[in-house]
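The task is simple: from the sequences and hints, build the whole structure.
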Amino acid sequence: MMELLVSGETAYCYTGGRPFHAHAPSFPPAAPVHAAGPAAAAPVVVFIHGAGQDHSCWNLQSRWFAHHGFAVLAPDLPGHGRSGGTPPASIEAAADWIVALLDAAGVAHATLIGHSMGSLIALDVATRAAPWRISRLALLGCSLPMPVSDGLIAAARDDEPAAWQMINDWSHSPRAHVGGNTVPGAWMLGANRQLMASQRTGVLLAGLDACRRYQADATPASPPLTSLACPVLVIAGAADRMTPARATRELIARLPGAQLTTLAGAGHSLMAEQPDAVLDTLRGFISQ
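Note that this note's numbering has the sequence shown beginning at 4, numbered continuously upward.
What the hints contain is simulated information worked out from the structure, not anything from laboratory work. Just so you know, not all the hints are guaranteed correct.
Said to hold, decoys possible - Ranges of calculated distance between the beta carbons of each label pair, as one might list FRET restraints:
#1 His71 x Pro150: 21 to 29 Å
#2 Arg203 x Gly11: 29 to 37 Å
#3 Cys233 x Asp162: 38 to 46 Å
#4 Asp153 x Pro247: 35 to 43 Å
#5 Arg244 x Gln197: 16 to 24 Å
#6 Gly260 x Pro164: 40 to 48 Å
#7 Gly287 x Asp161: 19 to 27 Å
#8 His71 x Ala267: 33 to 41 Å
#9 Asp162 x Ser93: 34 to 42 Å
#10 Ala232 x Met169: 17 to 25 Å
#11 Cys233 x Asp172: 34 to 42 Å
#12 Asp172 x Arg249: 35 to 43 Å
This one's a predicted model, so the numbers in the text were calculated from it and none came from an experiment. In this text, a Cβ means the ideal position worked out from N, Cα and C, and glycines have one as well.
Printed below as a string of structure tokens:
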């Protein structure tokens, strides 16, 4: 793990169980990197979690890349998990924070991998905040726009346990509701509920509200999605009810040249339901 000072607050980053050593940056880092171990430069992969989550949703994928020649950053977004500060008020604010995180870690270029809200954050970095710094972009469980029902917003505001239940109901495939965990004896829905319950009050609401308000290239001044210069991969769950197939097709139509991989039997919680398939797809994309 590694802690950085980003925008005056502590940012917790999981590094996949390995020391973090990025390729030497082309500019001085904004803050020192607190990591131990032998210096060895490596290409950087940044994993960005979704609303009400933290770095732990990427455990398998982040550890594999960290142990196979990559420098990994899987941060807890501000106000989430072990990071200080307050949750970003918008996707754009979260994207600017990711850029500040790259500065603090001394990272010049990186591959961004985001899930759900994290996919919007990654997309905004790659189109608006710092497109010249993004080598590759992988979007999991992504749609644009990303609508959130009024009922879920109300529950996140007034009755968080009800919101956790709604998210569990909608974000997992039917198989996940009757077991289906790749880890014997583990309860997928219970683990996700506990992860959401461990976040501070208001974190989930802030994330859901940011998702529903985000509109990439909504104004003439906004960079169009067609301006994306890096390779793009979209990974979708065939049984996803939060960002369904129709929305994924609409997104792909706005991203010329983007690759699409659809995972059979997976819902919105792709990394939990199909961890190996997600990892294999990311490995193939990044090795191209």
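Status of each hint after checking the structure:
1. His71 x Pro150: 21 to 29 Å: violated, 37 Å
2. Arg203 x Gly11: 29 to 37 Å: violated, 18 Å
3. Cys233 x Asp162: 38 to 46 Å: Between Cys233 and Asp162, where Cβ atoms are some 41 Å apart, the hint holds.
4. Asp153 x Pro247: 35 to 43 Å: violated, 18 Å
5. Arg244 x Gln197: 16 to 24 Å: About 22 Å separates the Cβ atoms of Arg244 and Gln197, which means 16 to 24 Å holds.
6. Gly260 x Pro164: 40 to 48 Å: holds, 43 Å
7. Gly287 x Asp161: 19 to 27 Å: Given about 43 Å between the Cβ atoms, the range is violated.
8. His71 x Ala267: 33 to 41 Å: violated, 26 Å
9. Asp162 x Ser93: 34 to 42 Å: Distance hint for Asp162, Ser93 is violated at roughly 24 Å.
10. Ala232 x Met169: 17 to 25 Å: The hint (17 to 25 Å, Cβ to Cβ) is violated, given that Ala232 and Met169 are roughly 38 Å apart.
11. Cys233 x Asp172: 34 to 42 Å: Holds, since Cys233 and Asp172 (Cβ atoms, about 35 Å apart) stay within the stated range.
12. Asp172 x Arg249: 35 to 43 Å: violated, 20 Å
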